[in-house]
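Sequences and hints are given; from them, build the entire structure.
2 protein chains.
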Amino acid sequence: MGKTDWKAEAKALKKKVKALKSRLEDPAADDQSAAKPAKAAKPVSPLAPKDGFPKLPLIKGVEFSAVEAGVRYQNRKDVMLVRLAPGTAMAGVFTRSSTRSGCVRDCQTKLATRVPAGAGAAIIVNSGNSNAFTGKVGDEAVAAVTGGVAEALGIPASRVFSSSTGVIGEPLPYERITAKIPALVADLREDAIDMAALAMMTTDTFPKGAAATVQGEGGPIHIAGIAKGSGMIAPDMATMLVYIFTDAKIAPVALQKMLSRNVDATFNSITVDSDTSTSDTLLLAATGQSPAAEVKGAVAKAFETALHGVMRDLALQVIRDGEGATKLVEIRVTGAETDTDAARVAFSIANSPLVKTAIAGQDPNWGRIVAAIGKSGANADRDRLSIRFGDILVAEKGWRNPKYREEDGANYMLQDELVIAVDLGLGRAKRSVWTCDLTNRYIEINADYRS
Amino acid sequence: MGKTDWKAEAKALKKKVKALKSRLEDPAADDQSAAKPAKAAKPVSPLAPKDGFPKLPLIKGVEFSAVEAGVRYQNRKDVMLVRLAPGTAMAGVFTRSSTRSGCVRDCQTKLATRVPAGAGAAIIVNSGNSNAFTGKVGDEAVAAVTGGVAEALGIPASRVFSSSTGVIGEPLPYERITAKIPALVADLREDAIDMAALAMMTTDTFPKGAAATVQGEGGPIHIAGIAKGSGMIAPDMATMLVYIFTDAKIAPVALQKMLSRNVDATFNSITVDSDTSTSDTLLLAATGQSPAAEVKGAVAKAFETALHGVMRDLALQVIRDGEGATKLVEIRVTGAETDTDAARVAFSIANSPLVKTAIAGQDPNWGRIVAAIGKSGANADRDRLSIRFGDILVAEKGWRNPKYREEDGANYMLQDELVIAVDLGLGRAKRSVWTCDLTNRYIEINADYRS
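In order, the protein sequence lines correspond to chains A and B.
Position 309 (the first sequence) corresponds to 309 in my numbering; numbering is contiguous.
Position 432 (the second sequence) corresponds to 432 in my numbering; numbering is contiguous.
The reader is advised that the hints may include incorrect statements.
A pair holds if it fits inside one copy or across any two, identical chains being indistinguishable in the list.
As the list claims (entries may be wrong) - Below, computed lysine to aspartate or glutamate pairings styled on EDC-like, alpha-carbon distance capped at 20 Å:
1) Lys257 <-> Glu304
2) Lys397 <-> Asp139
3) Lys136 <-> Glu170
4) Lys60 <-> Glu217
5) Lys403 <-> Glu170
6) Lys397 <-> Glu140
7) Lys397 <-> Glu170
Note that these hints are calculated values from the structure, not bench results.
Here you go:
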């Protein structure tokens with residue numbers, strides 16, 4: 001952990017001063033409207049992967065397409081379709097919201113339905129309108145869209161899954177989607193997963209993808225996943241949607257178990273703002289078209305580890321694109337009496353507006369961490385817990401570590417990626433969760449009148 | 001040496017960036033700097049009571065004083081003392097935080113102690129340092145301060161209650177307080193409650209007071225209370241402290257029951273940011289010096305109603321001074337199956353950053369309310385719940401009210417005080433809670449480096 005490069009820091013700040021000054025002098029520069037297209041491009045999150053969207057492997061049996069349907073956004077692709085070859089095993093996990101959307105309920109019903117022998121499957125997703133809290137009209141929209149896809153692809157409607165993300169409570173103009181189904185079907189290609197990732201973005205500032213390859217018996221097994229979301233989740237425009245594809249040969253029941261086992265430590269361990277969407281959806285499709293034999297034994301272990309890696313990678317990318325985020329923060333809780341207590345403490349810290357604003361201000365304000373532990377409801381003993389920033393021991397035995405120097409904490413806080421480690425000293429349960437800071441930009445994004 | 005001190009340079013530049021940013025947000029703010037003292041006065045909350053600090057009745061048997069002890073703040077009173085006459089009954093409720101401060105633990109122990117016959121009592125409060133998470137040194141500080149007051153006033157230490165509010169984790173320089181005890185004692189006066197209210201302020205922008213008078217048998221009974229706090233509560237500098245005084249004749253057990261009965265619907269129904277302090281304290285002292293007879297029967301009812309009114313008034317003043325608040329919002333939940341469900345839904349809405357930022361943006365974004373209901377964990381049925389802004393029916397039967405017009409919602413949102421009413425349509429349980437909006441100013445206050 002190198003010492004802070006104050007020179008570099010000063011230079012970066014100088015640039016900032018210059019930029020701010022020019023904005024002050026020329027307020028018009030701010031609204032950019034004259035020179036730019038109607039909606040100015042959003043600045044990409046400073047935490048975005050440096051190399052952009054990764055090169056994902058083709059997954060045999062999976063094809064993608066995307067179109068401009070004008071559901072809400074203009075001049076960009078906003079509907080994507082995925083066709084999955086006959087024999088594909090499907091698994092999914094969904095938001096637990098009691099006001100979840102019609103799409104989510106529909107997916108849940110269909111996953112519980114007996115699969116017709118040899119049936120293919122499809123996923124259709126639109127951005128701009130979440131079709132949530134739209135009553136029976138909303139359910140009719142889901143039926144129209146999934147029914148239209150089923151007919152066009154010649155598969156049962158019970159095998160067409162759908163997601164919608166965007167504003168809540170507005171009727172979905174679904175005819176705009178159904179009108180584009182022929183174009184979507186005509187355009188299906190194996191190598192268009194990046195377009196699908198783009199089409200489902202809302203407040204996202206970058207498309208999210210991750211992949212892994214495992215050696216199976218007789219050949220490689222590939223996994224490729226895409227995600228959208230800027231929180232867990234800002235329900236208005238920032239639902240989390242995740243689709244992961246693999247050519248593994250694996251039965252639906254085993255696939256679902258594997259997915260469910262790994263969701264707590266990945267997608268259920270991230271939080272931007274403690275708000276959960278009405279539409280969060282994670283679907284995993286296994287086409288079985290890898291040359292490798294059925295996934296079992298040691299290969300199953302390796303496959304699960306790789307799947308976990310892809311899930312975690314995508315989950316962290318969602319946090320990296322957290323609305324207004326400038327810091328990626330891991331809250332690592334150890335020494336709790338129970339798993340529930342570990343999770344309570346971790347989320348209490350990760351969701352504390354005071355902890356998150358302190359991080360935004362690069363303030364090593366560990367007193368707010370103490371307060372967040374205290375309010376969590378978990379068993380904690382002031383005299384046994386310890387708090388670390390990375391490797392720096394900040395507090396233990398009921399008070400500040402006498403050797404802790406505020407400058408060390410302040411230097412640590414300048415980094416883009418932080419680890420706040422709390423050991424409760426009571427037991428062996430642990431939990432890590434990831435969050436981001438809470439900045440003015442979050443308020444700006446979310447206090448903006450919808451338009 | 002002529003070498004550039006890049007660290008100092010970076011720090012200076014950071015300040016510049018901050019100043020420029022605030023000018024960008026509020027160009028007018030800048031020109032005030034010349035006229036104001038070094039630390040510009042905080043702007044008073046736009047929601048502050050229009051008539052300023054109310055005229056509170058004198059309570060017989062209660063005296064106040066305040067001094068500048070320089071615990072952390074300079075050039076302002078930061079320690080206050082209250083002397084309570086012999087025979088005073090004491091009651092209290094406190095934060096449930098597992099990392100609560102030494103003062104709070106000390107108060108709790110003392111309230112559970114048998115009161116020496118005819119003993120007086122005292123309360124001493126400092127701002128600027130919360131003495132929380134300061135280990136055994138912190139406990140010694142509490143003993144030194146309360147012991148010093150006990151000796152100076154000639155009362156048992158078990159009758160001296162203390163509170164500290166301010167930064168967490170810094171050792172309390174308690175000698176600065178004990179050195180001022182003689183001055184505090186010398187200055188005690190019945191008519192100085194307003195000074196006491198000022199001395200305990202931290203991020204507060206106005207002092208908070210409320211009063212009531214009840215006709216007892218044989219004469220009037222007075223109640224006067226003061227509070228500090230900008231949240232429920234921002235733990236760093238915004239602990240909630242409340243002291244209520246009455247001359248009622250009432251036994252300690254009856255007083256405690258009355259206090260406990262009324263705290264859920266008042267102080268436990270407010271939230272600025274969902275963060276709970278390590279130091280929240282509410283003390284109620286009854287001196288028994290009213291000419292009226294002992295409080296019972298119909299007078300007890302009237303007294304409890306008046307006490308509830310004072311508690312509620314002070315609680316709402318805390319929200320009116322919520323950090324960065326521009327709107328006072330009541331979340332009124334009815335038709336829940338259970339009290340727990342009603343509270344869950346109310347707090348889920350009141351603590352949702354997305355709901356609070358929408359309110360800040362005057363955006364009638366009811367979809368976010370739907371999402372907050374959904375994530376609360378309470379029983380809810382999309383097709384039975386309804387949402388109102390004041391009297392405006394926004395949504396019911398699973399979708400938007402067809403007669404609802406967005407302009408009506410937008411107009412309603414322009415008001416300073418809002419009611420968001422949710423009926424779950426499932427049962428008879430209800431709960432109202434109060435909150436404020438989440439603005440850039442909250443981020444600024446809390447992302448500021450402590451200094």
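These are the hints, each one checked on the structure:
Proximity of lysine 257 to glutamate 304 under the C-alpha cut-off of 20 Å is restricted to the intra-copy arrangement: shortest distance 10 Å within a copy versus 57 Å between copies. Taking the shortest Cα distances, lysine 397 and aspartate 139 sit within 20 Å of each other only across copies (14 Å), while inside one copy they are farther apart (57 Å). Taking identical chains as interchangeable, the C-alpha atoms of lysine 136 and glutamate 170 lie at most 20 Å apart only when both belong to the same chain, with a minimum of 13 Å there against 58 Å between chains. In the homo-oligomer, the alpha carbons of lysine 60 and glutamate 217 lie at most 20 Å apart inside one protomer (17 Å), although the nearest pairing across protomers, at 88 Å, exceeds that limit.
For the homomeric pair lysine 403 and glutamate 170, the shortest alpha-carbon distance between copies (14 Å) is at most 20 Å, but the shortest distance inside one copy (57 Å) is not. In this homomeric assembly, lysine 397 and glutamate 140 come within 20 Å of each other (Cα to Cα) only across copies, at 16 Å, whereas the closest approach inside a single copy is 60 Å. Taking identical chains as interchangeable, the C-alpha atoms of lysine 397 and glutamate 170 lie at most 20 Å apart only when they sit on different chains, with a minimum of 14 Å there against 54 Å within one chain.
Hint violations for this structure: none, all hints satisfied.
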